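Colleague: Protein chains in written order, with our numbering: chain A, 1 to 206; chain B, 1 to 87.
The hints are simulated quantities; they were obtained by calculation from the structure and are not laboratory data.
None of the values given here were measured: they were computed from a predicted structure.
The reader is advised that the hints may include incorrect statements.
Dumping the calculated EDC-like pairs for lysine to aspartate or glutamate here, alpha-carbon to alpha-carbon at most 16 Å [stated by the list, open to error]:
#1 Lys28(B) x Asp37(A)
#2 Lys155(A) x Glu139(A)
#3 Lys54(A) x Asp37(A)
#4 Lys202(A) x Glu139(A)
#5 Lys28(B) x Glu92(A)
#6 Lys54(B) x Glu92(A)
#7 Lys58(A) x Glu78(A)
#8 Lys38(A) x Glu71(A)
#9 Lys58(A) x Glu173(A)
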Amino acid sequence: MQRFEYPNDRETVNAARVRALEALLIERGVITGDTVDKIMAIFATEMGPFNGAKLIAKAWVDPSFMKLVAEDTMAAVEQMNFVTKGAGAEGEHMRAAINTPEVHNLIICTLCSCYPWPILGLPPYWYKDPSFRARAAREPRKVLSEFGLDIAPEKEIRTWDSSAQIRWFVVPERPAGTDSFSEEQLAALVTPESMMGVAIVKPPGA
Amino acid sequence: MPPKDNGSLCFSAPWERQAFGIALALSKQGVFEWDDFRSEMISSIAAWEATHDKTDPNWDYYEIWLTVLEQMVQRSGLVDQSTLGSF
Chain A
1 MQRFEYPNDR
11 ETVNAARVRA
21 LEALLIERGV
31 ITGDTVDKIM
41 AIFATEMGPF
51 NGAKLIAKAW
61 VDPSFMKLVA
71 EDTMAAVEQM
81 NFVTKGAGAE
91 GEHMRAAINT
101 PEVHNLIICT
111 LCSCYPWPIL
121 GLPPYWYKDP
131 SFRARAAREP
141 RKVLSEFGLD
151 IAPEKEIRTW
161 DSSAQIRWFV
171 VPERPAGTDS
181 FSEEQLAALV
191 TPESMMGVAI
201 VKPPGA
Chain B
1 MPPKDNGSLC
11 FSAPWERQAF
21 GIALALSKQG
31 VFEWDDFRSE
41 MISSIAAWEA
51 THDKTDPNWD
61 YYEIWLTVLE
71 QMVQRSGLVD
81 QSTLGSF
């Protein structure tokens, strides 16, 4: 005879809670069995860091577009025709912080995990970590160094706290040795980490 | 260990992805407003942080997410409390 095992493990309990909730919502006709998969597919194909990379590559080759990204980020995003509708509020009021030889920018959300979905997709796990959020606000230089990014002492680090009002992303500096690169080649160099400011875009082959 | 060690991982278990997707689906359908959901997240996270050390390994972002989601669903009147409370 099999003994009934009470789910005392937290993960098991949480998984059961989600299953129960989903089953009830399906039963009530609010969602269907593939609703979640359909939503998550949008993040795989239409809202992700591949969009941010395209926008940044365009800004690198087109100074007037870079100016627009800096001054009216949403107008620049509109020109790119990204899917922003499904993102709801996370796709509104996105703003870019532009890295320069003098300033390195870092984005965080000290309150929860506000994030520019259409440009960057879903935030990685560590972005939501309370200790990362608090320390990045307090001692960004040290936190960046733990990420393997040593910022020169003379360079200023600015930390931008995303919020219900504004969702930030970083426009990294164009790496040296890419003068002959096409927009597509440049976009391939831009990593999600560089658009959060926890990395820089490395020159090709570095 | 720097938090970035888990790289670009967004969900550490399938239930987290389901809880995330359900919340998005319900806000799209107008069961609740996304802004209201996020305000609840912000206050729930603040409440957790006020009572725990920031390095407490018991931190679980999506457990908070799930609890907020259940509360929002209950408040919407779609599902009554006794049904959800059985877990």
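Colleague: Report the numbers of all earlier hints that the structure fails to satisfy, in ascending order.
Modeller: Hints 3, 4, 6, 8 not satisfied by this model.
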